[in-house]
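Visitor: Chain residues, written in single-letter form:
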Amino acid sequence: MTDLKPKDFASSLDVRWCPGCGDYAVLKSLHKMLADTGAKLEDTLCVSGIGCSSRLPYYMATYGFHTIHGRAPAIASGAKLANPELDVWVFTGDGDGLSIGGNHLLHALRRNLDMQIVLFNNQIYGLTKGQYSPTSQKGVRTPSSPGGTVEMPLNPARFAIGAGSKFIARSIDTQAKVLGPILEAARAFDGTAFVEVLQNCVIFNDGVFDHLKDKKQGPDHTIVVEHGQPMVFGVNKDKGIRAKAGGFGLEVVSLDVGGSTEADLLVHDETNHALAVALAELGEKDGEPTVLGILFREPATEFGAASRVGLPEKPLSMNEKLTRLSATLRAAETWDVGEDAA
Amino acid sequence: MQNGLEHSTAMHELPVSQQPEVDYVRVRFAGDSGDGIQMTGTRLAESAARFGNDIATFPDFPADIRAPSGTIYGVSAYSLNIGHTEVDTFGDETDALVALNPAALRKYLEGVKQNGLLIIDMDAFTERSIAKAGFSGNPLEDGSLTSFRVLPLEITSNTEKALKETGLSAKDARRCKNMWTLGLVLWLFERSTADVEHWIEQKFHKKPEVAKANIMALQAGHLYGEVADLPPDVSRYRIQPAPLMEGEYRSINGNEGMAYGLYAGATLANLELFYGSYPITPASPLLHTVAKLKELGAISFQAEDEIAAICAAIGASYAGHLGVTGSSGPGIALKTEAIGLAIMTELPLVIVNVQRGGPSTGLPTKTEQSDLFQAIWGRNGDAPLPVIAPAHPGECFDMGVEAAKLATKHMTPLMVLTDGYIANASAPWKLPDFSDPAYEPFPVEQVKDPNGFLPYDHDPETMARPWAVPGTAELMHRIGGLEKQAGSGNISYDGENHQLMTQIRAQKLEAIAKSIPLQHVESGKTTGKLALLGWGSSWGPIRVAARRAELEGKSVSHIHLRHLWPLPPNLEELLSGFDRVIIPEMNNGQLATVLRSQMDVPVESVSCVKGRPFLVREIAKIIDDALGA
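Chain order of the listed sequences is Z and F.
Quick note: the first sequence uses this note's numbering, first residue 40, plus one each step.
Quick note: the second sequence uses this note's numbering, first residue 97, plus one each step.
Just to be clear, a hint being listed does not mean it is correct.
[Claimed, not checked] Listed below are the simulated BS3-like cross-link pairs for lysine-lysine, each with C-alpha atoms no more than 27 Å apart in a straight line:
hint, chain 1, residue 1, chain 2, residue 2
1, Z, K67, Z, K46
2, Z, K71, Z, K252
3, Z, K353, F, K390
4, F, K299, F, K260
5, F, K388, Z, K353
6, Z, K216, Z, K252
7, Z, K79, F, K544
8, Z, K255, Z, K324
9, F, K544, Z, K353
10, Z, K46, F, K544
11, Z, K44, F, K544
12, F, K260, F, K303
13, F, K388, F, K302
14, Z, K46, Z, K216
15, Z, K255, Z, K276
16, F, K706, F, K717
17, F, K706, F, K228
18, Z, K67, Z, K255
[Stated by the list, open to error] Covered by chain Z, according to a simulated footprint, are these stretches of chain F (three or more residues, beta-carbon under 8 Å):
hint, region
19, 139-148
20, 413-420
[Claimed, not checked] Here are the in silico distance ranges between beta carbons for each label pair:
hint, chain 1, residue 1, chain 2, residue 2, range
21, F, A429, Z, A284, 49 to 59 Å
22, F, P111, Z, N358, 33 to 43 Å
23, Z, Q256, F, R475, 47 to 57 Å
24, F, L550, Z, E327, 46 to 56 Å
25, Z, E352, F, K544, 19 to 29 Å
26, F, L550, Z, P269, 54 to 64 Å
27, F, K544, Z, D75, 26 to 36 Å
28, Z, G59, F, P546, 28 to 38 Å
29, F, R475, Z, G169, 26 to 36 Å
30, Z, A370, F, P539, 21 to 31 Å
31, Z, G349, F, T242, 55 to 65 Å
Derived from the structure by calculation, the hints contain no laboratory data.
The beta carbon of each residue, even a glycine, is placed where N, CA and C say it ideally should be.
The following block holds chain Z by itself, in its conformation from the complex (with noise of 0.2 Å):
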């Protein structure tokens, strides 16, 4: 099978999206990308826990795992160590993976298995209509929050970090030519890949992101960033990141407004981790933009490289296991009962 193309990767089923949903975008990205790299279908596997985006699988022509409320980042991670062939995707949402399926997202960042995260961020609890999730905006208006949420939102990359994973980026569902490289860069990334994925549901968060994402408008509010690029963005190319002076932190200048010049731009550098960590938070204020593109990449030990050190070179034949079974038995103390002793 070579030559495979977008669609070679689509299952025969009927979508079942909401029409106008960004789930539809990003797996038309995915489609394209494992085309473009030359995926075999047989190796991918995708694996998802319950929700909207969880219905992913269903939609691909690889093999695909439908599992429990949160419980893919676990499933994947049992069938990597158990084949570390396969290309392993986890597609989640921001209530699975981080509400429900928080501890296991957390481990597997943690723990550094080959394979790639997929987190749907819509801000809210799409297949159960429409309640607010641990990424909704303070204030929120839902069914279970009528006065609105008083929760503290919590912020996906920044909880990547936390966890201590060792590829971070974030992207907007329609942002082909974003999303496409990010999901490239994480397949290719020998470690867990977490990809954020900001996704607009249009029957209970309609609009969430429209202002990141306005053609017109959008750049002033977003910057994508890239490793040893000056950090510029803005609608007239006129605005610029840069250190806080004498102090911790980012902040947002304009260029050629009070002296500021590119030259004084922070220039991003995808393997520190305190710039990381600024980048993620970045856009939770007013005026600062929202980072998307790589905010965080540094290669690390793989956990299922290092968990495989100790065990046989090569699969042991059923004679071999055991024979060695035996001998693992009789490593204990052994005696013989003869005739003599019945």
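Mind docking chain F on chain Z? Use the hints.
Guide: Chain F only, in chain Z's frame:
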């Protein structure tokens, strides 16, 4: 038996004792949880087993890691029954109690038989520790021990004296008092110290000075017995070797047996073993044992919680390994949702539940068999799952193999119920011979051929669906927890289809019922006045009591279930041949309730939930009450 599962333990072949006082001796070591009691007991058990005795052990330790010294709740104990005849229980009453402090004496004095031997470390009987144990006066002086043979010894100072020349600090020397005691007890049983010395040398080969000190203490204790002028009523115990079946033996506890058996089962299925687990008492040693099998190819994964542990095992099974997860009651409760997923996706998976006492966290270190309802029925939806249970430590290996066989043959998750007693107790075990037909390989065929492949196409005989693993070309398919269309496996919410799929999942259990062994009678006749029906670790006391009663001419049979769900198809017919069926259980009547729902045979329940197995005399009383003494 249909599936070749023969019981290769020695116990079946041994005579039953009619003269308990002569044929076996029950000794109990007890002391502070830091005194090395478990190690001392284990060594004596190994030594007795190597001598050729039948043994049964019962480690009884506190739930706290290191309770304050000298307290009752900090007492750690190890009971050992050493026999010339079959010993299936650790014994009702203690013949000899070794008490290394007043708390140990206080806690276990009650279980010592009249005129039993008390070996006591006098050095530990200080005013303070006597008061701490709750004695009003010194029991060694106030005449409260007159109905026992008391041997008060200066164990601590004797140990210190013996190690004076080694240069060890007094504190380090005192730590060897368990070895001094073991030396004395070995003398008491007319056994040499050679085996234990060999073990010490191996155990401490990196610390020769520690090895030397322990050996010196051991020898000093032994020598003390030889030369000290012990009271004439302290006679030595002369327990002859038991007439075990010919073969090569080791001792094994249930957790070890189960871990090795699961590895053997995965191997005979021609699969790799994946064990996902989260630490919990008393199941953790399963994880520890599998972790040591890495160079044999076994993968163990310590997950972040119980849910992740089973999910990782499910993922591994999906990817082509034999996924296994083990835990204890509360952990199994957490795994429940994932068990449903494994049932829905029809993947092979073995779930080992090493039961412990009580609901919630209950009694972590105490044994019980009260998770039967949880195993059979504890899930949402109609979610049938086979349940099997070994009866004693020596059977755990074979039940591990059986679990792997049933799970892969029928493509189903399966639960194995052991318990804290089986898990920790040791017994002599005849090592398996893999050329024996009982260990005939049952290689699993994972599908490779795309012709006619449907992921939810069921084999009419086994009701297994084809197992196509990711990585196999042209067999790509999607599975999940949603109801699926028969055959294609596509999501289906159609009512008729759900009816069909529910039936298929039920038929899987019917198929299993056809492939498990017919229920046999453990001891006694196949019909009669009374059947004692047991499952799991109540095997030992039921067996001993039933066999003794039978020798006395009573009509009593012992029937023991290993396949609890589905039930053996001939069970109802078998039970209906008895006037009365009584079920002694370490729960509040769960098997009895299950059977009442399944068959038209009146059954009576006797419950014991005291954190320990039944005593033989408790079972004997059931028999006497039913048949007349």
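Visitor: All hints are to be evaluated individually against the structure, with a verdict given for each.
Guide: Here is what the structure says about each hint:
no.	hint	in the structure
1	Z:K67 with Z:K46	9 Å, holds
2	Z:K71 with Z:K252	21 Å, holds
3	Z:K353 with F:K390	13 Å, holds
4	F:K299 with F:K260	23 Å, holds
5	F:K388 with Z:K353	18 Å, holds
6	Z:K216 with Z:K252	13 Å, holds
7	Z:K79 with F:K544	16 Å, holds
8	Z:K255 with Z:K324	20 Å, holds
9	F:K544 with Z:K353	22 Å, holds
10	Z:K46 with F:K544	25 Å, holds
11	Z:K44 with F:K544	24 Å, holds
12	F:K260 with F:K303	18 Å, holds
13	F:K388 with F:K302	20 Å, holds
14	Z:K46 with Z:K216	19 Å, holds
15	Z:K255 with Z:K276	13 Å, holds
16	F:K706 with F:K717	17 Å, holds
17	F:K706 with F:K228	25 Å, holds
18	Z:K67 with Z:K255	24 Å, holds
19	139-148	holds (count 4)
20	413-420	holds (count 6)
21	F:A429 with Z:A284: 49 to 59 Å	56 Å, holds
22	F:P111 with Z:N358: 33 to 43 Å	38 Å, holds
23	Z:Q256 with F:R475: 47 to 57 Å	52 Å, holds
24	F:L550 with Z:E327: 46 to 56 Å	54 Å, holds
25	Z:E352 with F:K544: 19 to 29 Å	25 Å, holds
26	F:L550 with Z:P269: 54 to 64 Å	57 Å, holds
27	F:K544 with Z:D75: 26 to 36 Å	29 Å, holds
28	Z:G59 with F:P546: 28 to 38 Å	37 Å, holds
29	F:R475 with Z:G169: 26 to 36 Å	29 Å, holds
30	Z:A370 with F:P539: 21 to 31 Å	27 Å, holds
31	Z:G349 with F:T242: 55 to 65 Å	60 Å, holds
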